[in-house]
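Trainee: What follows is the residue order along each chain.
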Amino acid sequence: MIQLEQVDRNFMVGEQQVRALADVNLEIAAGEYLSIMGPSGSGKSTLLNIIGLLDRPSNGKYRLAGRDTTGLDDNEQARLRRESLGFVFQFFHLIPRLTAAENIGLPMILAGIPAEQRQQRIRQLLQDYGLTDRADHRPDQLSGGQRQRVAIARATVMSPQILLADEPTGNLDRASGKEVVRIIEQLNNNGITLIVVTHDPELGRRARRQLHMVDGRIVEDSAGEHAHGSR
Amino acid sequence: MVPADVFRFTLTTFRSNRLRLGLMLSAMVIGVAAVVILASLGEAARRFVIGEFSALGTNLVLVFPGRTETSGGIPPLVGEAVRDLTIEDALALLRSPAVIRVAPINVGTAPVARGRLERDATVVGTTADMLQVRHMKMAEGEFLPAVDPRRAEPVVVLGDTMRTELFGTEPALGQWVRIGDRRFRVAGVLESAGESLGIGLSDAVFIPVASAQMLFDTPSLFRIMVEAKSRAMIAQAKQDVIAIIRDRHDGDEDVTVITQDAVLQSFDRILRALTLTVSGIASISLAVAGVLIMNVMLVAVSQRKAEIGLLKAVGASPRQILLLFLTEAGLLAFCGGLIGVGVGELGSQLVQWWYPVLPMGAPVWVIPAVLAVALLSGIIFGVSPARRAARLDPVQALARR
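Protein chains in written order, with the working numbering: chain A, 1 to 231; chain B, 1 to 401.
FYI, nobody ran anything at the bench for these hints, they're computed from the structure. Source: prediction; values computed, not measured. In this text, a Cβ means the ideal position worked out from N, Cα and C, and glycines have one as well. There may be inaccurate statements among the hints.
What the hints assert, rightly or not - Calculated cross-link-like contacts (lysine to any residue; reagent style SDA-like; alpha-carbon spacing at most 20 Å):
(1) B/Lys305 <-> A/Ala29
(2) A/Lys61 <-> A/Ala22
(3) B/Lys305 <-> A/Pro139
(4) A/Lys178 <-> A/Arg138
(5) B/Lys229 <-> B/Thr161
(6) B/Lys305 <-> A/Gly71
(7) B/Lys137 <-> B/Thr161
(8) B/Lys229 <-> B/Ala262
(9) B/Lys305 <-> B/Asn17
(10) B/Lys305 <-> A/Asp140
(11) B/Lys305 <-> A/Val181
(12) B/Lys305 <-> A/Asp55
(13) B/Lys305 <-> B/Ala282
(14) B/Lys305 <-> B/Arg387
(15) A/Lys178 <-> A/Gly145
(16) B/Lys305 <-> B/Lys229
(17) A/Lys61 <-> A/Gly130
(18) B/Lys305 <-> B/Leu62
(19) A/Lys61 <-> A/Gln90
(20) A/Lys61 <-> A/Gly71
(21) B/Lys305 <-> B/Leu56
(22) B/Lys305 <-> A/Lys61
(23) B/Lys305 <-> A/Leu98
(24) B/Lys229 <-> B/Leu62
Said to hold, decoys possible - Stretch-level coverage of chain A by chain B, calculated; a stretch enters the list once three of its residues show a Cβ under 8 Å from a Cβ in chain B:
(25) 1-12
(26) 17-28
(27) 47-55
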């Protein structure tokens, strides 16, 4: 599903070059539940961004579903993000002037799906995540947990194969966090490939496969110690 | 993206920031309204002047004595003998099949008196046909009698102001007035016609042309008004007039012939060009509005960085981001333009209300043209902010809270 070969990512900070990722080799199979942990600045978010096609590697190869993504232009990458990838962020990133239902439908609007089909799918998701009575509320009228559920609904509205979550519980209280974790693990049980970046060891340990990063390198991969997490 | 969704999404950006919306709209509204009002004014001036000229009569050809040479050079030392334009010349013009009426005209100023009341008036010597040629209407009595124009009948037709000044409310028909040292019987009174090109017909009196020649002691005419049979015959009438006069004046072309049509057309051209120029100058304000749109859009792009990053994360291509921001700028400019057209029309109505003489009303091409220019300026000035948005790095855009 996901193959990274000798991926580097360098940034220029002033005059100095910073290696956010150094020689990362990683293979993730379909349906895996993977957590990426490490201290701040270890490159875990950069890795997630590269997997999510929001960023490009400076060197190396990234193959997604067997397809080399390095040669794709911005418009083709956008299409892949729309159809194959879903993002969940720590700060939800909902558009404040749109209602919950409108936020959920955004990727479908970008994909050019007709309104009728959209309504059906949105209604389904609102029901699945217990948000039906919140459909016409704006984000500032929703609780943190509700906002993150809207964000998850938006990430999954196009039925992607991969869900990328960057500190999904980082901005939530314990109860809401638990609920969010339950939802994304349920999605993983139904076959979606789940990749979670987190500081929180408790959340990280829940994943079947755990990566630890330090200074842009993967220093520990539980897949090497145990049986492969792929199904 | 479906176009309907592009518009719907853009509309949500409007409801989120009212102040920004108001600012951008008002700039465009003012610019567009200015164009519409100025174009209306120009058009009103054109219609006013054309109206005045048309009121002179229809299908007119004017003949003046003397030749206006525009070829330059030193004027001849020995004056060219300009032959008088006579009543016989005027009557001879009727030989042309293209001419249906002629009105020889002689003009002078003389005191007009009734008893001890005396007024200086413009005295116009002419013939019976003048009434139709000049589109005048009678209020009382008859116009000059249709007799041989060479006969100096002692009759006079008064303009309506002259009538009230000399007779007040008393009956005027059949009464005698003195013009210079001659007596004339009042045959009729003209209907109030207002002003036409600054010549007040109300202050004038009309007498037979032969009487005027005697009064002013001149055999020459001031001009001849010739009415052609139809619009199509005007050119023919002009040619015939020149040919007939040349024939009668021993081969000299010593008159100047102007057609009303030609005068009308040049005024029309000049005033149209004026309208266009004034509208063009006003259009500069649309570019100014465009610059404002650009600034506000640039601010919007930096304010909505997180949103743009998010849109990219959920699959918006740079092309779609570009389209969204261009639509926003274009729609703003166009809506501003629409409101501006309304405000401009309202302003025109107001001017009309203040100056009822001016036939206000923007020429038809102005409204689509000004809307197109507004839309275009919105889009052109939207390009730079939209490109900035499209090129935004999603990782950085999403990183900040």
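Trainee: Next step is simple, just say for each hint if it's right about the structure.
Mentor: Quick rundown of the hints versus the structure:
A distance of roughly 34 Å separates the Cα atoms of B/Lys305 and A/Ala29; the hinted pair therefore is violated under the 20 Å criterion. Distance restraint check for A/Lys61 and A/Ala22: the Cα-Cα separation of roughly 13 Å lies within the 20 Å cut-off, and the hinted pair is therefore satisfied. A hinted pair counts as satisfied when its Cα atoms are at most 20 Å apart, and B/Lys305 with A/Pro139 qualifies at roughly 18 Å. Among the hinted pairs, A/Lys178 with A/Arg138 is inconsistent with the structure: their alpha-carbon atoms are about 23 Å apart, more than 20 Å.
Only pairs whose Cα atoms come within 20 Å are accepted, and B/Lys229 paired with B/Thr161 is rejected, the gap being roughly 33 Å. For the hint linking B/Lys305 to A/Gly71, the alpha-carbon distance of about 26 Å lies beyond 20 Å, and the restraint is violated. Taking the CA atoms of B/Lys137 and B/Thr161, the gap is about 14 Å. The hint holds against a cut of 20 Å. For the suggested pair B/Lys229 and B/Ala262, the alpha carbons sit about 17 Å apart, so the restraint of at most 20 Å is met.
The hinted pair formed by B/Lys305 and B/Asn17 meets the criterion: a straight-line CA distance of about 15 Å does not exceed 20 Å. Taken as a hint, the B/Lys305 and A/Asp140 pair is honoured in the structure, with Cα atoms around 19 Å apart against an allowance of 20 Å. Pair hint B/Lys305 plus A/Val181 does not hold up; C-alpha atoms about 28 Å apart against a cutoff of 20 Å. With a C-alpha separation of about 16 Å, the suggested pair B/Lys305 and A/Asp55 falls inside the 20 Å cut-off, and the hint holds.
The hinted pair formed by B/Lys305 and B/Ala282 fails the criterion: a straight-line CA distance of about 36 Å is larger than 20 Å. A C-alpha spacing of about 13 Å is found between B/Lys305 and B/Arg387, which places the hinted pair at or below 20 Å, so the restraint holds. Between A/Lys178 and A/Gly145 the CA atoms are separated by roughly 9 Å; this keeps the pair inside 20 Å, and the hint holds. Proposed proximity of B/Lys305 and B/Lys229 is contradicted: the alpha carbons are some 75 Å apart, above 20 Å.
A hinted pair counts as satisfied when its Cα atoms are at most 20 Å apart, and A/Lys61 with A/Gly130 does not qualify at roughly 41 Å. Of the pairs offered as hints, the one joining B/Lys305 and B/Leu62 is violated, with about 73 Å between alpha carbons and a cut-off of 20 Å exceeded. Simply put, A/Lys61 and A/Gln90 have alpha-carbon atoms about 28 Å apart, too far for the 20 Å limit, and the pair is violated. Only pairs whose Cα atoms come within 20 Å are accepted, and A/Lys61 paired with A/Gly71 is accepted, the gap being roughly 10 Å.
For a cut-off of 20 Å, the pair hint linking B/Lys305 to B/Leu56 is broken: about 68 Å separates their Cα positions. Our distance criterion of 20 Å between C-alpha atoms is broken by B/Lys305 and A/Lys61, whose separation comes to about 29 Å. A threshold of 20 Å between alpha carbons decides the hint, and for B/Lys305 with A/Leu98 the separation of about 16 Å falls inside it, so the pair holds. Of the supplied pair hints, the one linking B/Lys229 and B/Leu62 holds, its CA atoms being roughly 14 Å apart against a limit of 20 Å.
Counting residues of the region 1-12 of chain A whose beta carbon lies closer than 8 Å to any beta carbon of chain B gives 0, which falls short of the minimum of three for the stated coverage. Beta-carbon proximity to chain B at under 8 Å applies to 0 residues in the region 17-28 of chain A; the threshold of 3 is not reached and the given coverage is violated. For the region 47-55 of chain A, the stated coverage by chain B is satisfied: 4 residues place a CB nearer than 8 Å to a CB of that chain, which reaches the threshold of 3.
Consistency with the previously given hints fails for numbers 1, 4, 5, 6, 11, 13, 16, 17, 18, 19, 21, 22, 25, 26, ordered from lowest to highest.
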